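So the protein sequences, as listed, match chains B and G.
Going by the numbering used here, the first residue of the first sequence is number 1, and it counts up by one from there.
Going by the numbering used here, the first residue of the second sequence is number 1, and it counts up by one from there.
To be clear, the hints were calculated from the coordinates, so they are not data collected in a lab.
There's no promise every hint is true.
As the list claims (entries may be wrong) - Cβ-Cβ distance ranges computed for the label pairs, FRET-style:
1. G/Gly66 - B/Ala17: 53 to 61 Å
2. B/Gly39 - G/Met63: 47 to 55 Å
3. B/Ala35 - G/Met197: 52 to 60 Å
4. B/Gly39 - G/Phe2: 26 to 34 Å
5. G/Gln39 - B/Gly66: 31 to 39 Å
6. B/Gly66 - G/Phe204: 56 to 64 Å
7. B/Gly71 - G/Leu86: 16 to 24 Å
8. G/Thr74 - B/Thr85: 52 to 60 Å
Said to hold, decoys possible - Below 25 Å or equal to it, Euclidean Cα-Cα: the simulated DSS-like pairs (lysine-lysine) are:
9. B/Lys75 - G/Lys62
10. B/Lys81 - G/Lys77
11. G/Lys42 - B/Lys89
12. B/Lys73 - G/Lys209
13. B/Lys4 - G/Lys70
14. B/Lys62 - G/Lys77
15. G/Lys209 - B/Lys84
16. B/Lys4 - G/Lys77
17. B/Lys80 - G/Lys42
18. B/Lys80 - G/Lys209
19. B/Lys4 - G/Lys69
20. B/Lys62 - G/Lys70
21. B/Lys22 - B/Lys106
22. B/Lys40 - G/Lys42
23. B/Lys80 - G/Lys77
24. B/Lys81 - G/Lys70
25. G/Lys42 - B/Lys62
Model, not experiment: these values are computed from the prediction.
The beta carbon of each residue, even a glycine, is placed where N, CA and C say it ideally should be.
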Amino acid sequence: MIRKELVAASAEPLVLALLAKKESYGYAIIQEVKARSDGKLNWTDGMLYPVLHRMEHRGLIKSRWGESETGRKRKYYSLKKDGKTAMAKHHEHWTLIHGVLSGLRKEQYV
Amino acid sequence: MFDLEQAIADWRSQMLAAGIQTPVPLEELEIHLREEIEQSMKLGLSVRNAFQISAQQIGQPKMLNGEFKKSERTFMKIGIGIIGMLIGAALVVPGSIQLHDELVVANGKLALLLLGLGLVGWSFDMFRQIIWPEASRRKLEKVKMPLPKQILKVGAGAIVLLTGLAFMMPAAALAGQDGMMRFADLCYLIFGIALLMVGAVVTFCPYKKRAA
C-alpha cells in the first residue's frame, strides 16, 4: 500500500505526463494510472477532479466538453504550455529523488 | 427492485448536502459514477453492487467538498485582490490629484493615500499567493546566531529604526501644525515609515531563513 501523501504528491506529475501524450478525461486518467501501476496506485476516484480543477485554475491544463462514442457528455483535459514546463520540473525533481534513493540502496548492497 | 436512477439522485443529494453545489464538479462526478457503474456491470456485478462499489470508490462527500474548496479559495483570492486593488486605487486618487496640482496634500487625504497604498500592496500579495504560492508554503526556519552577530543585528536594526523616526517626525509635526503636507515631506514620511518597519523587523524579529 503506497502512503497517501506520496499518492497525493504524485497526482499532478502523473496527470501532466498522461495529458502530454493526448487529451483525456477523468475516468480514463484513473484507469490508465491503475493499469500502469498494476493497480498499486489506487486513487480515490473523486479526488482526481479537485486536482484537475486546481491545475486548470493554475493554467497548467485546459478543458472542453465533448461527447463519448455513446453520446455521453465528457470533460476532456489537455496540456497547456505552462503545464509542459511544470511537467519538466516535476520530472527533474522526481528523477533526482529516484537517483539519490537508488544510489543509497546500491551502497547498502556493496 | 433496485432503482439506479433513484440511487444516483440520492447520491447527488448527499453531495449537495455536503456542499458540492457548483454544477461543473457535480456533473463531472456523476458522469464518472455512471461510467464506473457501467464498467462494473460489464464485469458481471449486479446494478446494486455496481452502484455501491462505484459510489464508494468516488469518495466521501465531505472529503471531496474539502478538496474542491481549495480550488474555490483561489477564485476568492482573485476576487478579494481585485476589490482591494480598486478600493486602494480609489483611496489614493484624491490625495494624488491634490499632490499633483498643489504639491501639498491635506491631512485627511494623506491618511486615505497611505491607507490606499497599503491596500494596493496587500492586494498585490493576494495575487502573489496565486502566481507564486510556493513562497508562502516554504516555512521559515530560525537560524541560531552567535552573540556578537546578534548584538550587531539589534544595533543595526535600532539605527535604521531611529533613522526612520528621524525622517518621519519632522514631516508628521509639520503636518500637525499646517493641517496639510508638502510633497517633499510626504516622501520623507513614506521613506521614514519604510525604514521604521525594516528597523523594527531587524531589531525585534529572530533571524529566519526560508527552508529550501
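Does the structure keep lysine 75 of chain B and lysine 62 of chain G at a Cα separation of 25 Å or less? holds, 23 Å
Holds or violated: are the alpha carbons of lysine 62 of chain B and lysine 77 of chain G at most 25 Å from each other? The given pair, whose Cα atoms are some 21 Å apart, holds under the 25 Å limit.
For glycine 39 of chain B and phenylalanine 2 of chain G, compare the CB-CB distance with the range 26 to 34 Å and indicate the outcome. With Cβ atoms ~28 Å apart, the hint holds.
That 52 to 60 Å hint for alanine 35 of chain B and methionine 197 of chain G (C-beta), does it hold up? holds, 56 Å
Please verify whether lysine 40 of chain B and lysine 42 of chain G have alpha carbons no more than 25 Å apart. The hint holds at about 22 Å.
For the hint 16 to 24 Å, verify it against the beta carbon of glycine 71 of chain B and that of leucine 86 of chain G. violated, 45 Å
Given the proposed pairing of lysine 209 of chain G with lysine 84 of chain B, does the C-alpha separation stay at or below 25 Å? violated, 31 Å
Would you check the hint for lysine 80 of chain B and lysine 209 of chain G, treating anything up to 25 Å between C-alpha atoms as holding? Between lysine 80 of chain B and lysine 209 of chain G the Cα gap is close to 34 Å, so the pair fails against 25 Å, i.e. violated.
When you check the alpha-carbon spacing of lysine 80 of chain B and lysine 42 of chain G, does it fall within 25 Å? violated, 35 Å
Going straight from one Cα to the other, do lysine 4 of chain B and lysine 69 of chain G come out at no more than 25 Å? Holds - the C-alpha atoms of lysine 69 of chain G and lysine 4 of chain B are around 20 Å apart, at most 25 Å.
Does lysine 77 of chain G sit within 25 Å of lysine 4 of chain B, going by the straight-line distance between their CA atoms? Violated - the C-alpha atoms of lysine 77 of chain G and lysine 4 of chain B are around 28 Å apart, more than 25 Å.
Does lysine 106 of chain B lie within 25 Å of lysine 22 of chain B when you go C-alpha to C-alpha? violated, 36 Å
Of the numbered hints stated above, those contradicted by the structure are hints 1, 2, 5, 7, 8, 11, 12, 15, 16, 17, 18, 21, 25, listed in ascending order.
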